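Trainee: Listed below, chain by chain, are the residues.
There are 2 protein chains.
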Amino acid sequence: MVRLLTRENVAQLLKMPDALAYVEEAYKQLILGNAIVPQRIAITEPAPGLTLIMPGIIGGKMNALATKIVSVYKQNPEKYKMPTVLAKIMVQDINNGDIVCIMDGSLITAMRTGAATGVSVKYLARKDSKTLSIFSGGIQARKQVSAVYWGLNKKLEKCKVYDLKKDTAKDFKNEIEREIGIEIEIVESGDDLLNNTDIIVTATTSTTPLFAGEQIIEGSHISSIGAHAPDARELDSMTIKRASLLTAGLKEACLAEAGDYIIPIREGIITQDDVFSIGEIITGNKAGRSSDSEITIFKSVGISAQDVAVGKLVYDRAIKEGIGKDIDF
Amino acid sequence: MVRLLTRENVAQLLKMPDALAYVEEAYKQLILGNAIVPQRIAITEPAPGLTLIMPGIIGGKMNALATKIVSVYKQNPEKYKMPTVLAKIMVQDINNGDIVCIMDGSLITAMRTGAATGVSVKYLARKDSKTLSIFSGGIQARKQVSAVYWGLNKKLEKCKVYDLKKDTAKDFKNEIEREIGIEIEIVESGDDLLNNTDIIVTATTSTTPLFAGEQIIEGSHISSIGAHAPDARELDSMTIKRASLLTAGLKEACLAEAGDYIIPIREGIITQDDVFSIGEIITGNKAGRSSDSEITIFKSVGISAQDVAVGKLVYDRAIKEGIGKDIDF
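Chains as they are written, first to last, in our numbering: chain A, 1 to 329; chain B, 1 to 329.
I should point out that these hints are in silico values taken from the structure, not numbers from a laboratory.
Remember, predicted model here, so these are calculated numbers, not experimental data.
There's no promise every hint is true.
Identical copies go unnamed one by one, so any copy, or any two together, can satisfy a pair.
[As the list claims (entries may be wrong)] List of simulated lysine to any residue pairs, SDA-like, C-alpha gap at most 20 Å:
(1) K81 / D328
(2) K170 / E185
(3) K154 / D128
(4) K81 / N95
(5) K325 / M1
(6) K155 / R126
(7) K130 / S293
Could you build the full structure based on these sequences and the hints that come with them?
Mentor: Encoded structure:
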């Protein structure tokens with residue numbers, strides 16, 4: 001029997017505080033050696049788009065085994081009126097290997113990416129943080145706000161947003177004000193985002209730095225979840241240089257895929273030893289923020305452990321609440 | 001909309017002659033550079049069993065993109081009364097990345113493994129071959145007989161089988177006689193399989209050679225589809241030494257996983273250059289059997305291209321014949 005969950009089912013079952021807790025646990029289990037994230041498989045040619053195959057396993061009390069298949073086809077909206085990103089997650093019973101649940105993975109991808117930022121905010125942002133600035137008002141960005149809100153234990157009061165597309169920024173404002181009820185200010189430039197803010201989130205499709213590191217005010221926490229190729233980055237070398245704590249969802253993944261760290265390492269500004277998995281801070285192996293003036297950075301390229309953890313959360317809840325459809329096949 | 005296909009649906013849709021044609025085409029497209037078989041991902045610890053994630057893509061007229069998730073949990077029958085091997089195949093639309101079909105993959109795994117042998121028989125066995133000897137009467141073995149039957153264009157007249165378990169051999173005999181209508185002889189030892197036979201198939205779980213190479217009669221074609229680890233093999237070094245043509249489903253896969261070739265290479269009996277992908281023979285790049293006296297060998301460890309091809313075949317036919325259930329999720 002396989003439980004099938006639509007996007008609507010997933011939306012009903014998945015709340016940000018839980019996503020945050022599960023992603024935090026995944027990061028922790030990775031450091032404890034109870035989780036494995038194999039190098040994901042990318043398939044392109046001869047297809048006109050990209051498919052990523054992302055399996056992972058998390059032991060401990062979570063006991064989760066799942067695979068996400070996510071495709072990124074840039075021509076989809078124009079050519080087929082379909083989303084660019086499509087995803088499904090197959091959850092297996094870790095005890096017998098059977099696939100017990102197949103769920104839509106698009107919302108989970110946005111939620112777990114948000115949750116990563118939320119975990120970083122919980123551990124690295126100043127405790128008195130109240131304001132967030134976010135580059136991009138797109139789908140990914142919206143879940144980031146919710147994640148920061150919960151990462152700050154609901155103390156977020158205001159969010160500034162900048163998006164090249166005015167309509168996107170307006171939609172963002174309407175959606176977030178309705179969903180979370182905090183003040184949203186649409187600003188006219190990236191520069192406007194950088195003053196009077198505690199937390200900066202970059203969630204863009206940019207492959208070049210969004211601002212100059214000199215502009216960042218002391219005490220900021222920055223989370224960068226866009227750009228995930230060795231020669232692409234949202235943060236410049238000065239930003240990395242000024243930060244006193246450089247973290248990653250998973251260090252190995254970021255050193256392989258994130259230009260934000262790879263380029264400054266190549267330039268000799270930092271070394272690989274300066275980058276830490278966030279799990280090291282969660283487990284207490286490494287100290288977190290030590291003063292209100294330092295700049296902290298979190299970079300995430302997305303790893304399967306996030307999907308595996310949140311997929312398991314959604315599946316368990318679906319069974320408990322009797323949501324979704326069972327098909328025998 | 002996702003088309004869901006049960007094992008029964010797949011059984012209804014999938015016939016061996018078609019499986020054989022599709023696997024042959026997959027082997028050909030691999031050599032032509034239109035198919036990609038990424039290194040499969042294996043997940044074990046902390047799970048009590050093995051999961052293999054096997055994605056692949058085949059261009060050309062097939063245009064197939066799919067991923068098989070197959071688990072092998074040896075304790076399943078005893079502990080949960082479930083099969084050891086469980087599998088599902090997710091078929092994507094190569095044009096937009098969407099997962100359009102999810103099907104049971106257990107029967108397909110047996111059928112495509114059979115089809116590999118069938119393709120090898122078509123190209124490498126003597127044209128006057130009439131008799132088959134098969135080591136093991138298990139599930140995999142049964143589809144091998146059907147594949148040899150079709151690979152010989154229905155000219156197979158007799159099959160000898162040996163299995164340590166008498167009941168398994170009896171079930172084999174009943175099933176094959178009913179299904180194909182050829183004569184089945186249950187023999188008392190592996191030695192009895194080796195005389196008066198044209199084709200030998202080894203489909204066991206053995207990790208050590210099943211017979212001495214000196215016993216093989218001239219002109220035989222051998223297909224080995226069990227043993228798929230570098231230190232495991234069904235064929236001994238003398239068998240490999242006596243053969244004049246050594247082929248593989250995919251050379252790179254066998255050189256990485258098949259002890260049948262890896263061990264003789266290590267011993268200096270053959271070199272890597274002596275092993276050819278069967279696709280080289282299908283495309284005519286390499287000559288096949290050149291005399292009625294030579295011994296030819298085919299070794300397959302199973303590659304995703306076989307699943308991708310047969311999965312696409314089943315999906316296309318399901319749509320055409322209106323079989324299966326559509327679910328929007």
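Trainee: Are the hints correct? Go through all of them and say.
Mentor: Now the hints, each set against the structure:
no.: 1; hint: K81 / D328; in the structure: between (32 Å within a copy, 17 Å between copies)
no.: 2; hint: K170 / E185; in the structure: within (10 Å within a copy, 77 Å between copies)
no.: 3; hint: K154 / D128; in the structure: within (12 Å within a copy, 79 Å between copies)
no.: 4; hint: K81 / N95; in the structure: between (40 Å within a copy, 13 Å between copies)
no.: 5; hint: K325 / M1; in the structure: both (10 Å within a copy, 14 Å between copies)
no.: 6; hint: K155 / R126; in the structure: within (12 Å within a copy, 79 Å between copies)
no.: 7; hint: K130 / S293; in the structure: within (15 Å within a copy, 84 Å between copies)
Comparing the model with each earlier hint shows no violations; every hint is respected.
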